[in-house]
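Student: Generate the whole structure from the sequences, applying the supplied hints.
Chains as they are written, first to last, in UniProt numbering: chain A, 1 to 242; chain B, 1 to 242.
Just so you know, the hints here were simulated from the structure itself, not pulled from any lab data. One or more of the hints may lead you astray.
Since the list gives no way to pick out one identical chain from another, each pair is judged satisfied if it fits inside one copy or across any two copies.
Stated by the list, open to error - Straight-line distance between alpha carbons at most 25 Å, and here's what the computed SDA-like set of lysine to any residue pairs gives: (1) K16 with Y134; (2) K31 with P106; (3) K17 with L67; (4) K31 with G196.
Given the structure is predicted, the values throughout are model-derived calculations rather than measurements.
There are 2 protein chains.
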Amino acid sequence: MVSNSQTKLISSLGQKKYRDKFQLFVAEGPKVISELREEGLKLKWLFTTEPSQITLENHFLVSEAQLKKISFLKTANSATAIFEIPTLSPYLDSGLVIALDAVRDPGNLGTIIRLCDWFGVSQLICSEDTVDCYNPKVVQASMGSLARVRIHYLPLLEFLEKTNLPIYGGFMDGRNIYSETFPTDAIMILGNEANGISELISKKITHKISIPRFGKIQKTESLNVATATAIILSEFRRSTGK
Amino acid sequence: MVSNSQTKLISSLGQKKYRDKFQLFVAEGPKVISELREEGLKLKWLFTTEPSQITLENHFLVSEAQLKKISFLKTANSATAIFEIPTLSPYLDSGLVIALDAVRDPGNLGTIIRLCDWFGVSQLICSEDTVDCYNPKVVQASMGSLARVRIHYLPLLEFLEKTNLPIYGGFMDGRNIYSETFPTDAIMILGNEANGISELISKKITHKISIPRFGKIQKTESLNVATATAIILSEFRRSTGK
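Tutor: Rendered as structure tokens:
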């Protein structure tokens, strides 16, 4: 069963300030939970409707109704876990680094984390107004990749002032990405869903690039930030071959 | 105001069988509505909370509460429109054609429609068990692109038996897409979110291709179908240059 104090704590973890305070986050569904455990994340509690899954002291058998009460999903899964937020290794100023300027949609951030993992990008920088990566919806969308990509939240402008890497950014009027030769070490910035990259951040960008549109009718306004990230990461990796 | 018979009709349009029966669909929000009108789609009714938007007989001024009642969104916008489903031009067996085998998520289909529009793919083939493109969530996600891409629902296997184009498909064990030279005329098949391309359809594929994974830890299971489509379309267009 789930105690009242556990229910209260879990429900508070829907908010970033309590995730920060307790250094805990929620993951739901056996698949996501097992992926995060395989990556060595420390499990505080597991609540499951499956008796066979109860193997340790911090595992609790719950009814479907109890699970529903502590779930953040529309349709509760068969398990909910509380994990400790892992300690981050320090940022290394090398390799391909993706930086996000105020990406707000949890689904987009989750997809971008999975893309970083796929394309071997181990460091993701998020501006402080980017959606929190331990938001339950981001955890659901990023799955095990959340534990494999190091995600740093920091003041983006200050960060860009200190880096020694070339700074790329996605713009409508940038240079055609298909004609660029990309370096293996670089920062690539993607911007907010509605407003793109902010003006102050834009000034720090040394290489403006663009995904060209094709076809006769050129009316599509823009690509979604997650699909743009997919195409840009693919181009960086194809062009450098590693 | 919205009459009772209008409310009843609109609410029925959440279901595919009624959209088929009445040949109508719902679009919400001034931006989506204006994009679809610009593309020449025939507007049956417009319901809006903005008096300045009322310019024709089939425009109705409604209260926020009335709009909420006919909205399919969690947070109702300031306008809801009912459009006639346009007549499709016949399929032409040429150019780059994207075909979907049982893509179920409305957000994924919406993103794929926008990607087709961006990359100048004018024909999208959907298996009959792919989510309906006039589903309110697909309409929201695809915006004006819905009117610019011709979307045909048909029995995919029969379609593939008749085409003269080479048939490409995305697989985990296919040939590296970065080493391929793509033709300008081809069919590219993307599969279901959980199961990929079905076995029967797989047998019709003449070219199996794959997006390589990078990085040391190769645990990411798969790319989301919409991000895979983004990368593949980008590669087709980059490689053929048109």
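Student: Please list, smallest to largest, the hint numbers that this structure does not respect.
Tutor: none
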